[in-house]
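If you read the sequences in order, they're chains A and B. The numbering of the first sequence is numbering that gives the first Met the number 0, which starts it at 0 and goes up by one. The numbering of the second sequence is numbering that gives the first Met the number 0, which starts it at 0 and goes up by one.
I should point out that these hints are in silico values taken from the structure, not numbers from a laboratory. The reader is advised that the hints may include incorrect statements.
[Said to hold, decoys possible] Straight-line alpha carbon distances no greater than 30 angstroms define the calculated DSBU-like cross-link-like pairs of lysine-lysine that follow:
#1 K223/B / K120/A
#2 K94/A / K16/B
#3 K16/B / K63/A
[What the hints assert, rightly or not] One side of the interface only, derived from the structure: several residues of chain B facing chain A at Cβ under 7 angstroms:
#4 M5
#5 L18
#6 A20
#7 T28
#8 S32
#9 G37
#10 N40
#11 K51
#12 V183
All of these numbers come straight from a predicted model, not from anything done at the bench. No residue lacks a Cβ here, since even glycine has one placed at the ideal position from N, Cα and C.
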Amino acid sequence: MSEPGTFFHLHEEDPVEAYENFKLGMWIFLATEVLLFGGLFAAYFIFKFIWPTVFEDGSSHLNKFMGGLNTLVLIFSSFSMAMAVDAAQRGQQKKLVRNLAITLFFALCFIVVKGFEWGPKLSHGITPGSDVFFSVYYMTTGLHLLHVLVGMSFIGLLLARALKGRYHEENFGGVEIGGLYWHLVDIIWIFLFPLLYLI
Amino acid sequence: MSEHKMGHIQEFSIYFKVLLALIGLTIATVLVSLVDFGIFNTLVALLVAAIKASLVVLYFMHGKYEDRITWAFIYYPLILLATLVGALFLDYGFRDKGQFTVGPISFDAMHQSHDADSHGATDDHGATTHDSHNADSADTHTDAHGEPSIMDPATEAHAAETPAVDMWEGVHGDVEAGRAKAKVLCIACHLIDGEGNALPGAPPFAETANNTEKTPEFLRTWLKAPQSVKPGTLMPQLPLTDADIENLITYLHTYAE
Chain A
0 MSEPGTFFHL HEEDPVEAYE NFKLGMWIFL ATEVLLFGGL FAAYFIFKFI WPTVFEDGSS
60 HLNKFMGGLN TLVLIFSSFS MAMAVDAAQR GQQKKLVRNL AITLFFALCF IVVKGFEWGP
120 KLSHGITPGS DVFFSVYYMT TGLHLLHVLV GMSFIGLLLA RALKGRYHEE NFGGVEIGGL
180 YWHLVDIIWI FLFPLLYLI
Chain B
0 MSEHKMGHIQ EFSIYFKVLL ALIGLTIATV LVSLVDFGIF NTLVALLVAA IKASLVVLYF
60 MHGKYEDRIT WAFIYYPLIL LATLVGALFL DYGFRDKGQF TVGPISFDAM HQSHDADSHG
120 ATDDHGATTH DSHNADSADT HTDAHGEPSI MDPATEAHAA ETPAVDMWEG VHGDVEAGRA
180 KAKVLCIACH LIDGEGNALP GAPPFAETAN NTEKTPEFLR TWLKAPQSVK PGTLMPQLPL
240 TDADIENLIT YLHTYAE
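With the hints as constraints, model all of the structure from the sequences given.
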């Protein structure tokens, strides 16, 4: 029996095993993502240690309200993504489609808020070259934004497939993997927000 | 294998409680940041973020129901990260202060390291290497064959025939804007109002300001591209606009006596 849960359909595979492997692969990938951002976090701590005043000054230029708003937006999107996975696990088609769409909507909100943050900064001449704080700021939030965009494409794909009824109780691995990726994007922001905006 | 179920179905109430906890913790961390607890602000912020991240991993990502091999891949990047950050801080924390190229040298530490200074000519002014270098170029111009001179001869000749007052006439930057910029960009190596670090070799601003050879024109070129004036200098090329440079040199001139 060739379950659609098997990623490449190259050979017959036990669907449960395929599902477990698929998920483990994603976890391993997420570990590399943590290290990618971890290098930047290490740079953040060292530069902050060397130039505390530059960081204090730079951080005071950031809008805590917008940063906090985006934190909540991502938390809600994580919740709706978890609900989407739950719906897929239970085979609830409508709820799955609805929650994927809500997640996409929140992701879009995040980008809009980010635009309102970056836009005025850049037009006031605050760029990655302004000082070491803003180098770190634009690099970390920029790389994070890239992850948001990748996550949105992933969720968009899931949505298109969910509309065709691809996911059900026996096959929800794809949704779960998309969820894992999206939650990591949330977790990274959970750290970026206090480090850049609050302290 | 087929009796082994795929995934784990979690109660809705758990998801909902986690959502509420995440919102509550976000609000809490913002509120805590409004009060100044010094280093504890950082620790609290990191602790709260770690709790939030754990909730997401355990309940939204179903980490709670994952097997050991998955958990191995959750811990492994964290251990590597802790090693990286730990090693960096050991390095920075225990370096010989005098050896810092760029770093957090306290004012006191600077004086101590000068007493025990073994490189360059020791003197009372603090900036050892620079002072000895300036003394050379004041005596003769032969150092053109040795260490590259910070002054180009043309500027030097020009400075000699122009009285110090005149050459500052056309400089109308904003002193306060200059001071503010200096506090951000220069303070890591030059003392500003007695604050920051005095990097060995970086002359105090007062010394530059009272040296009539350091014309505004020279300072403009210097700030724009120190390497072009003195290849190999430790003074970095900083991201400055022309307006920043005017403000900075106006501010520097306030040190002139």
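List of violated hint numbers, smallest to largest: Violated hints: 6, 9; rest satisfied.
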